[in-house]
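*Asks:* Sequence:
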Amino acid sequence: MEPNRKTIAVIGALSLDMHLTREQPPPPGEKIEEGVSASKDGLTLKGINTALAALETFTDLSERSHSKWVPDVRMVSVIGRDHHTENIIARVKAFGIGTKGIKIIPDKNTDAIFHVLTKSTGETKHDRIDNPATPACWTEEDFENAQSFGGDPKPNMIIISTELEEKVFTKILTCAKDNNIEVCLDRMRSGPIAESLLPLFTHITYLVVHGKEEAEELSSGRFRDEVEKKYTDDER
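Numbering of the sequence shown is given in our numbering, commencing with residue 969 and proceeding in unit increments.
Treat the hints as calculated values from the structure; they're not laboratory data. These numbers were taken from a predicted model, which means no experiment stands behind them. Glycine included, every Cβ here is placed at the ideal spot set by N, Cα and C. Check the hints yourself; a few may be wrong.
In silico lysine to any residue, SDA-like type, Cα no more than 25 Å apart, as pairs [to be verified]:
#	residue 1	residue 2
1	Lys1139	Asn1113
2	Lys1145	Glu1134
3	Lys1071	Cys1152
4	Lys1071	Glu1133
5	Lys1061	His987
6	Lys1076	Arg1096
7	Lys1122	Val1151
8	Lys1014	Arg1049
9	Lys1122	Cys1143
10	Lys1036	Glu1024
11	Lys1036	Gly1066
12	Lys1036	Cys1152
13	Lys1014	Cys1105
14	Lys1014	Gly1119
15	Lys1135	Lys1145
16	Lys1061	Val1151
17	Lys1061	Glu1131
18	Lys1014	Thr1107
19	Lys1093	Thr1012
Derived CB-CB ranges, DEER-like [stated by the list, open to error]:
#	residue 1	residue 2	range
20	Glu1024	Glu1109	26 to 36 Å
21	Arg1032	Pro1121	18 to 28 Å
22	Leu1029	Gly1090	46 to 56 Å
23	Trp1037	Ile1081	30 to 40 Å
24	Asp1120	Thr1092	43 to 53 Å
25	Asn1017	Pro1121	18 to 28 Å
26	Val1038	Ala1058	19 to 29 Å
27	Ile1172	Phe1063	22 to 32 Å
Model the full structure from these sequences, guided by the hints.
*Replies:* Right under this line is the structure:
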């Protein structure tokens, strides 16, 4: 008998955090990540923590529930096509997270932060490479239907854990609302909330607030009044 599944799609930005070593400083014109060796346990996958937390939380809820169900967590993200691609996919799968929602951009490298220790000097340099820049790679067309969140079955919930372009953010909320998918907003867009977005905020089931500034914006009279008005109008 097919188990009862609860599917959660996590929209996030995957990147690599790499600790590397080199014997001598790089010659002029050479990138700091060229001619290096990877440190032991020196590669960390960033952006996966929300999906891992969701899997752990829903697994715990399932075990304590009278009606048993199986949590199915999938990642919705963007990575580049380079020598790290297969490693990233394998690592996500190893955590028990689905990968069908991960979009691979052929002409880009993967987002990465390099920490390079030069042994001869003891100096560590840091270099950030933003390639796909996940939010910028997505368009409204990437979220046309429920299958856009990692295929079938459609998710019971989506968790937004990265900042998104306003048009893409709006499209995701609209698609979720049209398909009766719950939304957990774990990362707000920076800056003022557009008036056009306020009606869609009534469909957000769970909201995670990071920091005092974000809390003040969400509790402001304008935001609160608009959302309360929309709820009241919907109930009439």
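*Asks:* None of the hints should be skipped; say for each whether it holds.
*Replies:* For each hint, the structure was consulted:
| no. | hint | result |
| --- | --- | --- |
| 1 | Lys1139 x Asn1113 | holds (10 Å) |
| 2 | Lys1145 x Glu1134 | holds (16 Å) |
| 3 | Lys1071 x Cys1152 | holds (21 Å) |
| 4 | Lys1071 x Glu1133 | holds (17 Å) |
| 5 | Lys1061 x His987 | holds (22 Å) |
| 6 | Lys1076 x Arg1096 | holds (15 Å) |
| 7 | Lys1122 x Val1151 | holds (13 Å) |
| 8 | Lys1014 x Arg1049 | holds (17 Å) |
| 9 | Lys1122 x Cys1143 | holds (11 Å) |
| 10 | Lys1036 x Glu1024 | holds (15 Å) |
| 11 | Lys1036 x Gly1066 | holds (20 Å) |
| 12 | Lys1036 x Cys1152 | holds (23 Å) |
| 13 | Lys1014 x Cys1105 | holds (18 Å) |
| 14 | Lys1014 x Gly1119 | holds (23 Å) |
| 15 | Lys1135 x Lys1145 | holds (15 Å) |
| 16 | Lys1061 x Val1151 | holds (23 Å) |
| 17 | Lys1061 x Glu1131 | holds (24 Å) |
| 18 | Lys1014 x Thr1107 | holds (23 Å) |
| 19 | Lys1093 x Thr1012 | holds (17 Å) |
| 20 | Glu1024 x Glu1109: 26 to 36 Å | holds (33 Å) |
| 21 | Arg1032 x Pro1121: 18 to 28 Å | holds (23 Å) |
| 22 | Leu1029 x Gly1090: 46 to 56 Å | holds (48 Å) |
| 23 | Trp1037 x Ile1081: 30 to 40 Å | holds (37 Å) |
| 24 | Asp1120 x Thr1092: 43 to 53 Å | holds (46 Å) |
| 25 | Asn1017 x Pro1121: 18 to 28 Å | holds (25 Å) |
| 26 | Val1038 x Ala1058: 19 to 29 Å | holds (22 Å) |
| 27 | Ile1172 x Phe1063: 22 to 32 Å | holds (26 Å) |
When held up to the earlier numbered hints, the structure conflicts with none and fits them all.
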